[in-house]
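There are 2 protein chains.
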Amino acid sequence: MPSILIVGGSDAGVSAALRARELAPEAQVRLLLADRYPSFSICGIPFLLSGEVDGPSHLAHHSARDIEAAGIDLLPGHRARSLDPETRVVQALTPGGDTRDLRYDRLLIATGATSVRPPIAGMDLPGVFTLRWMDEALAVRRWLERQRPERAVIVGGGYIGMEMADALTRRGMAVTLVEALPQILATLDPDLAVEIAVTLRNEGVEVVTGVRTERIRETSEGLRVETGAGSWDCGLVLVATGARPETTIAAAAGLETGHHGALRVDRHMRTRFPSVYAAGDCVETWHRLLEDWTYMPLGSTAHKQGRIAGENLVGGAREFAGTLGTQVVKVFDRIAARTGLHDRDARAAGFDPLSVDLETWDRNAYYPGAQKLIIRVTGERRDGRLLGAQILGHQGSEVAKRLDVFATALFHGMKVVELEDLDLSYTPPLSSPWDPVQMATRHWTWTLTHAGGSR
Amino acid sequence: MPSILIVGGSDAGVSAALRARELAPEAQVRLLLADRYPSFSICGIPFLLSGEVDGPSHLAHHSARDIEAAGIDLLPGHRARSLDPETRVVQALTPGGDTRDLRYDRLLIATGATSVRPPIAGMDLPGVFTLRWMDEALAVRRWLERQRPERAVIVGGGYIGMEMADALTRRGMAVTLVEALPQILATLDPDLAVEIAVTLRNEGVEVVTGVRTERIRETSEGLRVETGAGSWDCGLVLVATGARPETTIAAAAGLETGHHGALRVDRHMRTRFPSVYAAGDCVETWHRLLEDWTYMPLGSTAHKQGRIAGENLVGGAREFAGTLGTQVVKVFDRIAARTGLHDRDARAAGFDPLSVDLETWDRNAYYPGAQKLIIRVTGERRDGRLLGAQILGHQGSEVAKRLDVFATALFHGMKVVELEDLDLSYTPPLSSPWDPVQMATRHWTWTLTHAGGSR
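Protein chains in written order, with this note's numbering: chain A, 33 to 487; chain U, 33 to 487.
Here chain A stands alone, though its shape is the one from the complex (with noise of 0.2 Å):
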């Protein structure tokens, strides 16, 4: 059996060593883990930090442990060094500072991200932090216990940062978030991040939006953080402002890039040599709808394109079926999900898209706790095809699962008036006869029709 070598014990190196002795239990499998955290999870991390998770090993979607169990051969504080795909070996650094040459037969690259380090002067001062790795979320944490700052400064107004401005709010301190573009959730469309934008602010959370930090300093009682609309003074200071691949020894031993400089592979998981795969956040996603690599990393995709090169480094050959781009935030009881194409994202991939909302509610009205939902569906005017849904509303409204409704319409291609013939469950203190998924894409079916879906 071939020996397998996988380079990162994040969700996709370990779904793939788990997976490959799973379909291959003699297959010799051994994972560099750069540090001695295998398989946490990198978006648990906020719930870490608000206190709601109490240790990083709770964090851990396997423990080393379980991984060992399965016949892995864990090396932890490894840190590859170089590839070099002629001769097969991969160079690591070995906890003690050692070299080692690793021979494989067959490689995974599963480096995952790094955080974007924005051109921001001050990014290296103390109590300045990403926030993407255990190690991160750590020093993060033991700066929250050494200093206790009662003020902080998020600069980013994604996942991380909505995620953040709710943990840090839980623990009692003022949050502001300072986001450069004019909106925060860019993968929502505008006027619905708006709404979480109110929450946030309901909140107490100070949302400023469209300003772009530049400057970060100390000053006699922490940090100062420098905007063009105004300075705030803080004693933390996280810098969210996205992820980029970690491609550093791949790129260098030739493997290609693409997308956000993120490495090329086909859609089983295959770089451009022979025995070398790679997957998860290092690597450029294919997307179902647009039919095209983007750049999309998500612990949900890393974990499916993990599994999936998992079973071909042992032989198989299974191909990865695409993102959609299915996302769901919670920002305090409020809930935001979004899958495929929002309107912007449809005109720009060369759809005519129509998007239509509904607000109703989750359950039949008359039940009591009936809350509000605002559903937004997105088809092509030309065809009737669904393009993208988005749901805002409330925790205890199925808002994830419903906007999974949409996904799966969306992985079969179903066109926005089909939605109606599906048979979803239906009990009064849950939904309604048809399903407010149903309402919607009914309501957007009309809107085309009546309305002429005007532009």
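Honestly, the hints are just simulated from the structure, not real lab data.
Some hints could be false.
Where chains are identical, the list cannot tell them apart; a pair therefore holds if satisfied intra-copy or between any two copies.
Taking lysine to aspartate or glutamate pairs in the DMTMM-like style, the calculated list, with each CA pair at most 25 Å apart, reads [what the hints assert, rightly or not]:
{"hint": "1", "residue 1": "K404", "residue 2": "D86"}
{"hint": "2", "residue 1": "K404", "residue 2": "D98"}
{"hint": "3", "residue 1": "K404", "residue 2": "D265"}
{"hint": "4", "residue 1": "K447", "residue 2": "E54"}
All figures in this text were calculated on a predicted structure; none of them were measured in a lab.
Once you've looked at the hints, dock chain U against the given chain A.
Below, chain U alone, put in the same frame as chain A:
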């Protein structure tokens, strides 16, 4: 434009009327309503009787005013007595006791269903009720308010039985539920139904299964329900042993009946008579997986069939896509949902099913408030096709809409293994990188492969 007559003002009838007028605003649409409660939510009755919902008007999906505002000529208190498909006349009894001949160009029969009246002696005693129409619901409410019974016996452990056990317990009554079959909730597998029985018992409901109710007597104290395994004294008896199609005038006019005596229609909701359509709880229902006709009186289905009939009454050609038997019920804080075929159904239909359970968390296990889900996946051993799913969980675990991911997958005839490819939403407070739905399908595939799926 044709003159359209609709007999029946519940879900299917009103849906059809509204859809016909929406598509053909000049059509004459008359709707015969036997009582004075158009478009009321049959499924909402238990919540009216629990006191969670105020008055009957809150249970209406559409008010009489809305229906009339849509240009529909609503004839309340008009009971159809006969139909002549040759002369195209329906004779109705007016509220004043006169008869009235109503001519139509196209007719929709949407007479719904009535409660099954099992052969129990004493069914007609005061304090013994069936529960389907609003008059019956209001009669129960009056009885509850005037007699203030402390104990109730519910005969029948289906959805209405469950919800009424919950409702009456909520009112402070002591409830005994007697089911003749060996299990409650026959739409679930027996061992899953037991879990719901445990929930009922934990809430103080006495659950008796496998016991036939023989007789109800009046005593000096109230009522006594006598069964093959003892008798229960109480002040209220609800008999909820299912529904049968109301087809009296249709059958007398020569329309064909099939399963459970329901009217035969095609997938356009047409009967064998030109210009006579039928929809809702009075008709046979096309089952998408069985590819055969069945009887499944559900509100969600009645709304769909009504809408399709409404389109076709004004010249459309839309087909009913079929039911999957998707259903959900809330029993106290427990949710039970099912779609497709369970093992027994599948075997009876000639499939070779394998059913596999997974017990897992509704969100990342580390996130506070995580609750257990039990997911049972049923698939065909020979070709791996998904046949059905059952989920048990709690409120707040998005059980119903997780089930709908299965329902949407079933609609498209997906193989179990293909559900791994779905791009479902993930954030730690609401799910895991592989949604529990996908963990369960993975476990099914693993079981088929590794455990040989032995019977």
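Status of each hint after checking the structure:
Taking the shortest alpha-carbon separations for K404 and D86, only the inter-copy value of 20 Å comes in at or below 25 Å, while the best intra-copy value is 33 Å. Proximity of K404 to D98 under the C-alpha cut-off of 25 Å is restricted to the inter-copy arrangement: shortest distance 21 Å between copies versus 43 Å within a copy. For the homomeric pair K404 and D265, neither the shortest alpha-carbon distance inside one copy (37 Å) nor that between copies (44 Å) is at most 25 Å. Taking the closest pair of Cα atoms, K447 and E54 come within 25 Å of each other only across two copies (21 Å); inside a single copy the shortest separation is 38 Å, beyond that limit.
When each numbered hint is compared with the structure, a violation occurs for hint 3 only.
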